[in-house]
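Student: These are the residues of each chain, in order.
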Amino acid sequence: MKTDVMYILNQALVITMLFITGLAFERMVEEVTIRLQNIRYSSKLVKLAKGSVKRSMWRLMLAYPTGLALWGVMGFILLVFKIPFGRVTMFLSYMLIFSILGYFYLDTKKNFNFEKTRFKHQLITAFVVFLLALICCSGLFRISISNDSYYYYSLYPQTLAIEGGYIRSFDVFLTDVGQISAIIGTLPWFFGFEETVGIQLFLSFNLVGLYCLGVYEMGFMRMPGKADIGIGKRRITNAISVLSSLMLMAASPFFVLTRWILANAYFMTYFFIAFLLTIKLAEKEYVTGRRDRVLLTIYIATLSMLRMEGGMFACLLVLCACSLDLSDRILLQNYVLPVALTQILYYSAVYLELRVDPLYSFLSLTNVFIMLAVLAAVAVYIRFFRGKRLLTIQKHYTWVLLGGLALGNLVIAVISPERYMGNLGFFVQNIVHQNGWGPFGVLIPAALLLLPVGLDLREEIEFPVLFTLGYVLFTVALCWARNGTLRVGIGDSGNRVLMQIAPFVIYTLTGLLIERSNGKQEQQ
Amino acid sequence: MSERTENIIFRVIPEIIYRAVILALLVAAVLMSEGTGRIALAILSMGSVLIMILEFFAGKKGPFYKRLRQARLVWIVIYGLCFIAMNLYFNFFHLKKQFPLRQVTDQHIYQKEDMELKERPDALLRELIRHKKVCVPYEVREYISYNPIEDEDERGSGFEAAYYTENNYTRYFKEYSGSCSYDGDLPKVSEVAAVMAGSDTSGFSDLGIANDMLRYTFLLNREHSKETKYFWYSWYYYSFAEEENRFPRIYVNLESCDSSPELVAIWDENENLYLMGREDYAKLCKPNPEVPDEN
Chain A
1 MKTDVMYILN
11 QALVITMLFI
21 TGLAFERMVE
31 EVTIRLQNIR
41 YSSKLVKLAK
51 GSVKRSMWRL
61 MLAYPTGLAL
71 WGVMGFILLV
81 FKIPFGRVTM
91 FLSYMLIFSI
101 LGYFYLDTKK
111 NFNFEKTRFK
121 HQLITAFVVF
131 LLALICCSGL
141 FRISISNDSY
151 YYYSLYPQTL
161 AIEGGYIRSF
171 DVFLTDVGQI
181 SAIIGTLPWF
191 FGFEETVGIQ
201 LFLSFNLVGL
211 YCLGVYEMGF
221 MRMPGKADIG
231 IGKRRITNAI
241 SVLSSLMLMA
251 ASPFFVLTRW
261 ILANAYFMTY
271 FFIAFLLTIK
281 LAEKEYVTGR
291 RDRVLLTIYI
301 ATLSMLRMEG
311 GMFACLLVLC
321 ACSLDLSDRI
331 LLQNYVLPVA
341 LTQILYYSAV
351 YLELRVDPLY
361 SFLSLTNVFI
371 MLAVLAAVAV
381 YIRFFRGKRL
391 LTIQKHYTWV
401 LLGGLALGNL
411 VIAVISPERY
421 MGNLGFFVQN
431 IVHQNGWGPF
441 GVLIPAALLL
451 LPVGLDLREE
461 IEFPVLFTLG
471 YVLFTVALCW
481 ARNGTLRVGI
491 GDSGNRVLMQ
501 IAPFVIYTLT
511 GLLIERSNGK
521 QEQQ
Chain B
525 MSERTENIIF
535 RVIPEIIYRA
545 VILALLVAAV
555 LMSEGTGRIA
565 LAILSMGSVL
575 IMILEFFAGK
585 KGPFYKRLRQ
595 ARLVWIVIYG
605 LCFIAMNLYF
615 NFFHLKKQFP
625 LRQVTDQHIY
635 QKEDMELKER
645 PDALLRELIR
655 HKKVCVPYEV
665 REYISYNPIE
675 DEDERGSGFE
685 AAYYTENNYT
695 RYFKEYSGSC
705 SYDGDLPKVS
715 EVAAVMAGSD
725 TSGFSDLGIA
735 NDMLRYTFLL
745 NREHSKETKY
755 FWYSWYYYSF
765 AEEENRFPRI
775 YVNLESCDSS
785 PELVAIWDEN
795 ENLYLMGRED
805 YAKLCKPNPE
815 VPDEN
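The listed protein sequences derive, respectively, from chains A and B. Sequential numbering from 1 applies to the first sequence in the numbering used here. Sequential numbering from 525 applies to the second sequence in the numbering used here.
Isolated chain B, as found in the complex (with noise of 0.2 Å):
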């Protein structure tokens, strides 16, 4: 194979394809584009083909050659420029639409935002019972107390949502606070809607539902069966809940969380949180005398 023909196959052609395709996606980008983005991409684009052409005609030695190497190096610091400033422009005027962004002066992952938006309440939560003691109502029992059966086959699909019911919260609070006891005198869940029923609970803040926190506390779940991995937990707090319309929240006293040393949790059936300082508990939530006593 001549030297020529060589040249045309492995530089001429491959490299007339490569600009076809390259302009090919820059006519796509324009068109795809809009506004004053549309205007700045055609003239770079029109810049860069211009050196292009120019370069195609100019050959290689000579003094039009080398004010157009001039050019281009011009033309690619106009580029990068031009790079920044669409850029930037896009970052702070565009992207909040699809990126919010928050300002974290404080240190705290939970931010005014999601207070607002009433998101992830679990992240003021763990803030908020870090250092603290928290007294339940419930102690961790094994999935057996609630069903006998050992065998997972046996037991089939059917599931005990007391186990999770009772029993996530309290392993919530064991881990995450300063720490955790069990008060029997505290209302079990069906007393609290109840309890929460005859009480004044202006003070206290809706932070959010709490499905995602309660789907992730398998990790605290020691044993091992098919109801303590994250398929189940998943299952019964996102699916099953959407199914169902169940949407657990969590209410808190702040200002008693903040003051009190010591934090008294309660939840009902439907895993509706309570979260109050102890001195609040006492004045607040008097358990009523006329709902029966189960224990």
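Next up, chain A with everything else stripped away, as it sits in the complex (with noise of 0.2 Å):
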């Protein structure tokens, strides 16, 4: 076949049309949200502008996962309240939101003038983008495509634009599909290309960038002082998240979910952008706070309509970071509530509206009434246990969560042993037959022999740690829940649902090694 310069052209605008409008968004958010802080130009600004750069990187790095989230979250709108989807009414969705965001930004720099923006520099790093764009979309980095991809992830998409919304014949595409996956899938039918080929690729060096970005600011955090092997501590902070970057980009799950045309790699990165938010709300960093707020809201949303299990891992989030310094407000409104609105507005679509009912589902009306359960939970124990009651318990939350989700495991294992069992002895084939794990299972035991003397159960869990160890707990756990086994092999959704993990252990595991190695260690 020819090869076609407007497919790769067209792909690479939409990426970089996608990074502008993410980009614009956060700015508009930015100024939008420390107007409604009241902060007055004063010389606290001047102290705050130092961290000017910090930010800016940021920005830059949420862009394009902010521009993609937006397509997802405002077409899964459009669809769940049958509103035509297609390029027009998107259109004037975007233009509806940044008339809103607009009024108020302009109303801003009315006040203070926070930062000097130009538009050459903009323009520099459009271009920048689309270069970037084009090479993720030329072909130079291998693929990997399977049944998968081609039907629920490019025809399904099809369908959906040309249908312009729901139908009920879309029958098990409703119940299996993440639909903001699908959502995503629409972009080659609405912008005059045929694959997300690029689109995904570019999301995933994104991920390598933010995750970077993630290490150097936790690397420097963790860094007591100038170490003392004679080197500045910018220095080996740089090092640090280099080679971090480096074994992420290398680890073969990684390669693997970031390489394969399926939802996980979307999935993984989304989770990581929203992991890494949590830990930088956490610090409460005073100009970006809100901002950062706002994105996590919109991540959360996409997250949860990612994947069919993407609420429920939304909602192991939400449990881990209730171990962090953030407030009930922010728990609930940022957190708990996007999850809730997509999926009681997905549910009432698929079940109430279109009444699908196909015989073998992965959705079930079971399981969306323990999801419904669960959130519910999840937001009673916030609003009126977290800091409230049960204190004495509470003080050891975190071991408290990690025993939880292992009694859950157990008690599974005790009412369903063959297929918890059985699922289990999976998981650990595909880790030691190297089934899209290449050395990277073997690999970690000897990374986690070199952290220092420094456990201490006294001493609450810290939340990478906690977050990791309960990915695979609550995995495995919600494996078993679907219909169905596992099997040994690379493709294994249960399989590739662990291997998102990647990112999560390597971060963790370069946090610990800093922090023992220089700061923990010194104390002792």
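No wet-lab data here; the hints were simulated from the structure. Be careful, since some hints might not be right.
[As the list claims (entries may be wrong)] Partial pick of chain B residues on the chain A-facing surface, computed with a CB cut under 8 Å: (1) L549; (2) F614; (3) P624.
Where a beta carbon is used, it is the ideal one built from N, C-alpha and C, also for glycine.
Both chains are sitting in their own frames, so use the hints and assemble them into the complex.
Tutor: Have a look at this one:
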């Protein structure tokens, strides 16, 4: 088949436009939220402005994921509210949101000029992004396509784009496919190309950039002062973040998922971004805190609809986030609420409006009630118990949470030993036989041994450690809860879900190695 | 409880258990790996164990402690570089056995590997027909015209295969082509085998089997009965097809499809599809005058 230059250009242009819309959205939200905090132009701003390089980096790195998430969430809203889903309505939706933001943004600019931005710099940035997008779309990087890639993430999105809305005959595609993954898959059919290889690859490289930034900040915070090997703190943090990022890029599970045209790459990316932003929010950054909350809301909403188990994993993140110094209001508004809204709207559309009733599907009414019950339980805990009741138990919240997940697995193993142990065996076999894992699974114990002595059961578990361990336990339990058994093979759904842990493991290990090698060791 | 006892219960014992578990996992990992991977992992593990043992004896201060910290940092960097090297080696030399990668330079989801392996032929079909007019021999008919019993339970497990055979391709072309129209002059399913037998089919390429493509045409079926759901489509084109050894194939005249703005799609009783340009149909597939017209 002939090379189609227009296909490449169109996809690269779409990536650039998503970047620009995401960046514009971030800037406007940041300025508007600062205004809402009634910051006055003062010497305080001068101090805050010193962090502007860091803020710019975060803004640039979050721009494309924000743009893509906006497309997904807005498309989802149109679909569940039965508004025709098409280029015109999406454009009008964008206009509406940016008009509202623009009104407040322009009003804000009258009061103060927080940061000088030059149109020329923005043009250069957009051009660089376009060039990088061209590279991602060029076919330079090999990818993998399977049956699911064709039917779930190409045929179904094409049909969705043609129909402009949900119809009942979509049947299992409504109950087995993460809807926002499918909405992202409509981009080719709306904008004149055929596949999403460039879109996915660009997001994956963006994730590496975000990861590098996250590790740099973590490293900088955990270094107690000039490292006593004689190298400056900034230099060593740079070296650590580069080395850690290269480890992530090389890691076989990460390599496999980012090259496979499925929803796993998107899910892993947005889950990691939400994880990073949770850590950032807990640091209570004065200037961008509210902006980060808005972005986190959008990412959590996206995450919950990228895969069918997205809502459940979002609940895991909320429960782990309860161990951080985040207010109940943030947890309820920016974590629980977006999950609840997306799930309720989706279930209403599928079961009440369309009355879809496939004989066998991933999503069933039982699963729906379980999801809603879990959401309600999490909301009740945060509102009525967290920091208010059963304080003796809550003093050791992280151990209680981890113990609870372990106990949950034990209960499942008792009530359904064959299927649970069978699934567990498949997970272990996939790691041991390197089905997509490569040497990752066997190299991690060597890294764990490198950690200096420092385990103390009296101390609370750190958030990254809690989340990573919780993810493993949760995945094993969740795979039992879905119908059907797993299998040995790289393409097994449970195996792919577990492989998504790669960036969390490397990030956590990096953090522990930095902290234990410098901070805690010195205190001891 | 004294502080010493607390330290033993909450720090020392858990630390020992943690280290023992990690060591056991490491030993298992070394034993299960092979070749150079085993050697590399064994060296890394021994280095980590050595540092762990030295740390135990080093105490918390003094020049030896400082040297040990520096050695640990160097070893961490070595570990990181080995991690990268081993994973890259696996990704580029071993992974392809279980995870075939392809280079998508021409921006199409259908690639030359698919043509060689005769897989996912409908991915090429969707691209071929995307901006073309396709003529088909059937108009879509509802299930009730095949089986007048309205009540699903009364219908039982009986199934009118003609409902699928005659309509699924039509639905597919209506949805994914530039435009689709009914042409009553085109041969029906019972006539196609005879037509194609008497024609020169050398220009047709066999793209592969159509079961998956037809299985997913449930997406396009706007009726709401049990026969229109994914479960039935999956049963018919997957389980039943395996039992009956029924694997329809897709044959496409690529040259005429590429050059002609109007395409003709005909299929036989086994749902073998023949897609070609209109001019090519007129030349290659002249209907056999001896075949009786059922209509």
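Student: Against each hint, give a clear statement of whether it holds in the structure.
Tutor: Now for the hints, and whether the structure bears them out:
1. L549: holds (4 Å)
2. F614: holds (4 Å)
3. P624: holds (7 Å)
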